[in-house]
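Novice: Put chain B on the given structure of chain A with help from the hints.
So the sequence lines, in the order shown, correspond to chains A and B. First residue of the first sequence: 1182, per this note's numbering; consecutive thereafter. First residue of the second sequence: 1182, per this note's numbering; consecutive thereafter.
Don't take each hint at face value.
Since the list gives no way to pick out one identical chain from another, each pair is judged satisfied if it fits inside one copy or across any two copies.
Within a straight-line C-alpha distance of at most 20 Å, the following computed EDC-like cross-link-like pairs (lysine to aspartate or glutamate) qualify [claimed, not checked]:
(1) K1343 - E1248
(2) K1223 - D1183
(3) K1223 - D1239
(4) K1274 - D1238
(5) K1343 - D1240
(6) K1223 - D1191
(7) K1343 - E1218
For the record, the hints were derived by calculation from the structure and aren't laboratory data. Quick caveat, the model's predicted, so the values are computed rather than measured.
Number of protein chains: 2
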Amino acid sequence: MDIRDATSADWAGIWSVMEPIIRAGETYTLDPDSSEESLRAKWLHLSGRGRTFVAIDDDGAVAGTAELHPNYGGAAAQVANAGFMVHPGHGGKGIARALANHVLEQARTDGYRAMVFNAVVASNVRAVRLWQSLGFEILATIPDAFDHPVDGLVGLHVMHRKLD
Amino acid sequence: MDIRDATSADWAGIWSVMEPIIRAGETYTLDPDSSEESLRAKWLHLSGRGRTFVAIDDDGAVAGTAELHPNYGGAAAQVANAGFMVHPGHGGKGIARALANHVLEQARTDGYRAMVFNAVVASNVRAVRLWQSLGFEILATIPDAFDHPVDGLVGLHVMHRKLD
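Excised from the complex, chain A in its bound form (with noise of 0.2 Å):
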């Protein structure tokens, strides 16, 4: 599994992975109708800073992908936030595992000092289970605020690790 910085030339791959996750509406607070065009300059951060990064499987296509920038701006610039697809066809073979370390050590190296999730869907128990064992910790829950299409409303978690 080779993960490297994004280029523009793998969109095509990107979005393979990230469309069916968005238009499926469950793990993301993202409309399940964006256009594929927003979605494109969110992910791949066309304005504003961020960077982004794909999984590459043994075939050469994109498996996952992730991206990385500050959760605010200002004097809390030095929080990181960031967002993790795999596709679904890819699921249990470690990729969200490996790009999540893969961006936290990036993270780091950029000189972010911790890192928050702001909605991660309390009903997606592998993500969750994903970041408490990479160290992450739910600080909060905002209760009900996910209208979740098949599990109705769940809560939204909000998690946090320090990176030092």
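Specialist: Below, chain B without anything else, positioned relative to chain A:
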């Protein structure tokens, strides 16, 4: 104190309230060097969903301003976020509280089910007390997330209240 929806003609007055607050960099997680143009686009919600309010004093000048928008997208879009700014020369007159009551009422009318503040600077004690007196609870504090120009590293509170 008249509180009403802002129009683009209010921008000069709004900016006279915002500029000293932004430049001081003590209460918002926004770059103190942000351009007027970028803040205008953000505060007036020139793209994306959101609305903006002004509090007008007896002389017809903008004494305070607020904005209301969804804190998340997709299945969590019914949770609101809001921002408030009162001109430093107009403190202690209840303008922030009047704006807050107006925005809470408007948020209910617009169908939001809750309101979240993601990053209330912990040393901004007056704001924290105001939100608590209006029914907001501190759900969590992101530790040492804000490098305050005077107070040094302080936390950022995540505050929440239901709207029903």
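Novice: Run every hint past the structure and note whether it holds.
Specialist: Taking the hints in turn, this is what the structure says about them:
1. K1343 - E1248: within (18 Å within a copy, 32 Å between copies)
2. K1223 - D1183: Neither: 23 Å inside a copy, 38 Å across copies.
3. K1223 - D1239: neither (27 Å within a copy, 43 Å between copies)
4. K1274 - D1238: within (11 Å within a copy, 62 Å between copies)
5. K1343 - D1240: neither (35 Å within a copy, 49 Å between copies)
6. K1223 - D1191: within (15 Å within a copy, 30 Å between copies)
7. K1343 - E1218: Neither, since 33 Å and 34 Å both go past 20 Å.
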